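Chemist: Let's have the full structure, built from the sequences with the hints guiding it.
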Amino acid sequence: MIEQGRDCKEVVTQLAAVSRALDRAGFKIVATGLKECVAGATAEGAAPLSEAELEKLFLALA
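Each residue of the sequence shown is one higher than the one before, starting from 1 at the first, in UniProt numbering.
Keep in mind that the hints were calculated from the coordinates and are not lab data.
Computed from a predicted structure; not experimentally measured.
For glycine and all other residues, C-beta sits at the position ideal for the given N, C-alpha and C.
Some hints could be false.
What the hints assert, rightly or not - Simulated DEER-style distance windows between Cβ atoms:
#1 R6 - P48: 47 to 55 Å
#2 Q4 - A39: 29 to 37 Å
#3 I2 - F58: 31 to 39 Å
Claimed, not checked - Keeping only pairs whose Cα atoms sit at most 30 Å apart, straight-line, the calculated DSS-like set for lysine-lysine is:
#4 K35 - K56
#5 K9 - K28
#6 K28 - K56
Modeler: Now the structure itself:
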């Protein structure tokens, strides 16, 4: 878009949209991983993570 000489506002709007889409995809991947982590821990006999522990892990990625 920049190479094509598009308006700066259009470029920034597209970059913001791409950024939001990547954020959503990343959070979905992390959420799925955490679910598998919890399921795997309980399947192996380990104590499941508490909600607070899950939240702390999730926020550590932000």
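Chemist: Look at each hint and say if it fits the structure.
Modeler: How the hints compare with the structure:
1. Taken as a hint, the range 47 to 55 Å holds for the pair R6 and P48, whose Cβ atoms sit roughly 50 Å apart.
2. Checked against the given bound of 29 to 37 Å, the beta carbons of Q4 and A39, roughly 47 Å apart, lie outside it.
3. About 35 Å separates the C-beta atoms of I2 and F58, a value consistent with the hinted range of 31 to 39 Å.
4. For the proposed pair K35 and K56, the alpha carbon gap of about 14 Å is at most 30 Å, so the pair holds.
5. A threshold of 30 Å between alpha carbons decides the hint, and for K9 with K28 the separation of about 29 Å falls inside it, so the pair holds.
6. The straight-line distance between the Cα atoms of K28 and K56 is roughly 17 Å, inside the 30 Å bound, and the hint therefore holds.
When held up to the earlier numbered hints, the structure conflicts with hint 2 and nothing else.
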